[in-house]
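Asker: Single-letter residue listing:
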Amino acid sequence: AQSVAQPEDQVNVAEGNPLTVKCTYSVSGNPYLFWYVQYPNRGLQFLLKYITGDNLVKGSYGFEAEFNKSQTSFHLKKPSALVSDSALYFCVAWNQGGKLIFGQGTELSVKP
Amino acid sequence: EAGVAQSPRYKIIEKRQSVAFWCNPISGHATLYWYQQILGQGPKLLIQFQNNGVVDDSQLPKDRFSAERLKGVDSTLKIQPAKLEDSAVYLCASSQTGRSGNTIYFGEGSWLTVV
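Protein chains in written order, with our numbering: chain A, 1 to 112; chain B, 113 to 227.
I should point out that these hints are in silico values taken from the structure, not numbers from a laboratory. Please read all numbers here as calculations on a predicted model, not as lab measurements. Be aware that one or more of the hints could be misleading.
Derived lysine-lysine pairs resembling DSS-like cross-links, with alpha carbons at most 25 Å apart [as the list claims (entries may be wrong)]:
1) A:K99 <-> B:K190
2) A:K99 <-> B:K123
3) A:K99 <-> A:K22
4) B:K127 <-> B:K183
5) A:K77 <-> A:K22
6) B:K156 <-> B:K123
7) A:K49 <-> A:K22
8) A:K99 <-> B:K156
9) B:K174 <-> B:K195
10) A:K69 <-> A:K111
11) B:K174 <-> A:K99
12) A:K22 <-> B:K190
13) A:K69 <-> A:K99
14) A:K49 <-> B:K156
15) B:K127 <-> B:K156
16) A:K99 <-> A:K49
Looking at chain A on its own, in the form it has when it is part of the complex (with noise of 0.2 Å):
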């Protein structure tokens, strides 16, 4: 079956340091993938794609997310987090039949 895992629930992370939101994937031939986030009480905010060629993909707000095949994880990052991006973040990959399909969400957390 094709799916998208995001492993973590939560992710925690201090203003100012790195982050990283992990996400992989399982679908049939070559993967078109998204990172949306979603602000409270807000509808789902396009970040970045990846459908081909550079493996590093960059994004709004200073995201970027790096594709690894053989890994089939496609991570969304930034280099040095605000208390502004705490929100939910969706992993999203379109699947053969021409469906999306959604990981289940991680809420980020950034703390001051």
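Let chain A serve as the given structure and place chain B on it in line with the hints.
Answerer: What follows is chain B alone, placed relative to chain A:
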């Protein structure tokens, strides 16, 4: 560029009442989606339209939920009669073509509480 617009943002109704949510996608986007997001979970697709035709409504509880996109632009999602378990955020989203790899853009959501 304007984003996906949704209304109302918040709605509280009693069980067995009806409610309707409206969505206006990004201009030129052929594909429109309605998702249901229960608190603490990822979104679940309810229905997908390509222009004004339904592509996938396999997870839409058709005994109580209905949706339409009559002119291939705006869409309405209706729930009648509502149940307590329908309390959720209803997210409308759109993409240019609906093909794999397209970026899907979400609206701010319509937050429903059924009491």
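Asker: Checking each numbered hint in turn, tell me which of them this model violates, lowest number first.
Answerer: Violated hints: 2, 4, 10 and 12; rest satisfied.
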